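Visitor: These protein sequence lines map, in sequence, to chains A and B. Counting in full-length UniProt numbering, the first sequence runs from 1 upward without gaps. Counting in full-length UniProt numbering, the second sequence runs from 1 upward without gaps.
A couple of the hints might just be wrong.
Copies of one chain are not kept apart here, so a pair can be met inside one copy or by any two copies together.
Computed list of lysine-lysine pairs in DSS-like fashion (alpha-carbon distance at most 25 angstroms, straight line) [claimed, not checked]:
1. Lys178 <-> Lys68
2. Lys68 <-> Lys407
3. Lys178 <-> Lys261
4. Lys48 <-> Lys85
I should point out that these hints are in silico values taken from the structure, not numbers from a laboratory. Please read all numbers here as calculations on a predicted model, not as lab measurements.
Spelled out from the first residue to the last, the chains are:
2 protein chains.
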Amino acid sequence: MQIDTLPLTAEAFAALDADDPLRAFRDEFALPEGVIYLDGNSLGAAPKAALARAQEVVSREWATDLIKSWNTAGWFELPERLGDKLAPVIGAGAGEVLVTDATGLNVFKVLAAALALRPDRKVIVMEGSNFPTDNYMAQGLVEFLGQGHQIRFAEKDDILAAIDQDVAAVCLTHVHYKTGHILDMQGITAAAHQAGALAIWDLCHSAGAMPVDLNGARADFAVGCSYKYLNGGPGGPAFLFVARRHQGEARQPLTGWWGHKAPFAFSRDYAPAPGLARFRTGTQPILSMAVAEVGLDIFARADMALIRQKSLALTSLFIRLVDERCGSFGFGLASPRDADARGSQVALTHATGYPIMKALIAHGVIGDFRAPDILRFGFTPLYTSYMDVWNAAETLYRIMASDEWKKPVYSAVDAVT
Amino acid sequence: MQIDTLPLTAEAFAALDADDPLRAFRDEFALPEGVIYLDGNSLGAAPKAALARAQEVVSREWATDLIKSWNTAGWFELPERLGDKLAPVIGAGAGEVLVTDATGLNVFKVLAAALALRPDRKVIVMEGSNFPTDNYMAQGLVEFLGQGHQIRFAEKDDILAAIDQDVAAVCLTHVHYKTGHILDMQGITAAAHQAGALAIWDLCHSAGAMPVDLNGARADFAVGCSYKYLNGGPGGPAFLFVARRHQGEARQPLTGWWGHKAPFAFSRDYAPAPGLARFRTGTQPILSMAVAEVGLDIFARADMALIRQKSLALTSLFIRLVDERCGSFGFGLASPRDADARGSQVALTHATGYPIMKALIAHGVIGDFRAPDILRFGFTPLYTSYMDVWNAAETLYRIMASDEWKKPVYSAVDAVT
Numbered sequence: 001m002q003i004d005t006l007p008l009t010a011e012a013f014a015a016l017d018a019d020d021p022l023r024a025f026r027d028e029f030a031l032p033e034g035v036i037y038l039d040g041n042s043l044g045a046a047p048k049a050a051l052a053r054a055q056e057v058v059s060r061e062w063a064t065d066l067i068k069s070w071n072t073a074g075w076f077e078l079p080e081r082l083g084d085k086l087a088p089v090i091g092a093g094a095g096e097v098l099v100t101d102a103t104g105l106n107v108f109k110v111l112a113a114a115l116a117l118r119p120d121r122k123v124i125v126m127e128g129s130n131f132p133t134d135n136y137m138a139q140g141l142v143e144f145l146g147q148g149h150q151i152r153f154a155e156k157d158d159i160l161a162a163i164d165q166d167v168a169a170v171c172l173t174h175v176h177y178k179t180g181h182i183l184d185m186q187g188i189t190a191a192a193h194q195a196g197a198l199a200i201w202d203l204c205h206s207a208g209a210m211p212v213d214l215n216g217a218r219a220d221f222a223v224g225c226s227y228k229y230l231n232g233g234p235g236g237p238a239f240l241f242v243a244r245r246h247q248g249e250a251r252q253p254l255t256g257w258w259g260h261k262a263p264f265a266f267s268r269d270y271a272p273a274p275g276l277a278r279f280r281t282g283t284q285p286i287l288s289m290a291v292a293e294v295g296l297d298i299f300a301r302a303d304m305a306l307i308r309q310k311s312l313a314l315t316s317l318f319i320r321l322v323d324e325r326c327g328s329f330g331f332g333l334a335s336p337r338d339a340d341a342r343g344s345q346v347a348l349t350h351a352t353g354y355p356i357m358k359a360l361i362a363h364g365v366i367g368d369f370r371a372p373d374i375l376r377f378g379f380t381p382l383y384t385s386y387m388d389v390w391n392a393a394e395t396l397y398r399i400m401a402s403d404e405w406k407k408p409v410y411s412a413v414d415a416v417t
Numbered sequence: 001m002q003i004d005t006l007p008l009t010a011e012a013f014a015a016l017d018a019d020d021p022l023r024a025f026r027d028e029f030a031l032p033e034g035v036i037y038l039d040g041n042s043l044g045a046a047p048k049a050a051l052a053r054a055q056e057v058v059s060r061e062w063a064t065d066l067i068k069s070w071n072t073a074g075w076f077e078l079p080e081r082l083g084d085k086l087a088p089v090i091g092a093g094a095g096e097v098l099v100t101d102a103t104g105l106n107v108f109k110v111l112a113a114a115l116a117l118r119p120d121r122k123v124i125v126m127e128g129s130n131f132p133t134d135n136y137m138a139q140g141l142v143e144f145l146g147q148g149h150q151i152r153f154a155e156k157d158d159i160l161a162a163i164d165q166d167v168a169a170v171c172l173t174h175v176h177y178k179t180g181h182i183l184d185m186q187g188i189t190a191a192a193h194q195a196g197a198l199a200i201w202d203l204c205h206s207a208g209a210m211p212v213d214l215n216g217a218r219a220d221f222a223v224g225c226s227y228k229y230l231n232g233g234p235g236g237p238a239f240l241f242v243a244r245r246h247q248g249e250a251r252q253p254l255t256g257w258w259g260h261k262a263p264f265a266f267s268r269d270y271a272p273a274p275g276l277a278r279f280r281t282g283t284q285p286i287l288s289m290a291v292a293e294v295g296l297d298i299f300a301r302a303d304m305a306l307i308r309q310k311s312l313a314l315t316s317l318f319i320r321l322v323d324e325r326c327g328s329f330g331f332g333l334a335s336p337r338d339a340d341a342r343g344s345q346v347a348l349t350h351a352t353g354y355p356i357m358k359a360l361i362a363h364g365v366i367g368d369f370r371a372p373d374i375l376r377f378g379f380t381p382l383y384t385s386y387m388d389v390w391n392a393a394e395t396l397y398r399i400m401a402s403d404e405w406k407k408p409v410y411s412a413v414d415a416v417t
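Could you put together the complete structure from these sequences and hints?
Guide: As structure tokens, then:
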């Protein structure tokens, strides 16, 4: 079926669902009735198995087995166990990924490690329009170090030009959180290496959304979160990747006891564990960690090529529907029209985007709003159907055509995460 | 009832239980049948309400309400909400405590803040025999900063002498993880201030175990975990305290977006939130956070003076029973015999402690072992009964008197946390 020429009819969309090789995955998620959830790029939906797993951790592992679960339930090894499950999803090898801590903390760790590997260089290249926590963490690190590092901000088309012999590391998010624009991981990493710099990739908006090939791109470090496309639960643990070739030398400064070479010797002085384990910090939130594994287990059965194929079909069709049905209502497209440059989301712009998004949410289509004017719609191929796309666009049309969105109830401001 | 002269009979212990003003709390915990759990100083028991809370977070807040739970379920404010619930338990005021991150990370934050407040001083006083993650984190921080800071290790009786005009901060654990020895928070803090230094207290083994009065002692910063006496769940979030008088000036380097003054403006450059909120880092593991609140809610109804009174009775009686029943088996007492200097645990020493502890565990008495020779028994007044103490000592006696502990099955080594 050619997506670009598909007839824009409900029947055609229903037929795509009927033929969808991923359709069975939708039944694995606990989606509420009457909701079209297009915000899995912010908080992934709950796998149905997550409830049973949470119950098991609380009732059996914690309440019944108590302290011995550190051994019998493998709590201490969760970062490695989950990391090895995530590795194939992001093009990493076994022993290169830890699921641990939060994204910003992992940025701090791998950026500190990268700077220490390039002690004579003082520049970090970052994208100023990126989701800010990476930039904030880098700023905190630079100020704390007090060694004259500076952050050179560049936007997507200027990144290559910003990489020169002064650059210690580029630290970039693979897919932009607002627009969904994909940066060229392979090309930028190669350019960084050519200049003698290291490449750090934040996969928050690409891990689980599309094939990612960290080792194919020769990435040096990476970070990301589990709670978006990987469906790991609210605030679920983040992850980090350290390429095997750096694991002998790379060090990080958050030297908690889980990163010690002999944590149960309880010795006075820190000595880093060999390899990746030194990127562990301390005791992890086991309940959140254990539930995140449920999301990762689903990906062990999912074909990332099929996910990407469906993702592009969903986003392309949504753009076509908005163009055709809502073309007169003042929307712009902030996401790339070129499918190859687009992640798994569509960002529309509208001068009064906030009340429009609130009206959509009130009518069961859940996206989110990012100031000043972006309506974000995330498409998660494991549980977003083609009919969801059809119905979301229809709802948007009705809200715009009826002036429903102008009702005062939709203009009150509240926090959006 | 005089504990020191109580007849050592099962009847007398049962009578203490019958009169125990805290006895109703035991029903709030899901303790397994046939187990005497004396390891709540490592992993607190599960409140029965934790299961329902975990189910609610997964099924309603995550699966049903999805992204809007950031607002409707107050996820973003959990660190403050839980912090304010914990504050009275540790002698802090509202707005002085955050429940967030892990203990070691919080050590990193408050120690960095303390060093920045004393830029002309280069010494940190710590206890070398402390649970090592605080020391490791301080070592990582010092090495990373590269400004010539040094850690001056001192043991309990030498701490005051180690505090001089070079000291930027003392960073000590209130109750020793192995011995249960209580450091004099008031006196050491006063000595630190007298020398111009700041005092950081780790409350991992005292929060929830005894009255703690951070503000009464004029402590500057504090950290601790929720998963021991506070029953917050395995690896549950830690906490930190910043005295109000420092909140205007203190800064920390893990500058994630949750510590920004306007996190939802998504601006490029970091600007610290006013006050305590700048000690937030990034997105928190919501499921673990929410379940930790259940443990804190119990403490809102618990009288810390009664907890301390019962704690001392439990530990004193256990010591008396071991003295009387097991005096010939080669045990020593690593914990203070003086009740005022003792936290809520009893540490026995024995040359072959490891197989003895394994035999105890096999017979349903769960303590833990710390190399090279310490058997630790934690007493948690909310759910430890006087008969538990009686039965634990009886079990120890039977294991020693029968040479049960010499069976080969108990000598195999496995990891203990």
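Visitor: Does the structure break any of the earlier hints, and which numbers would those be?
Guide: none
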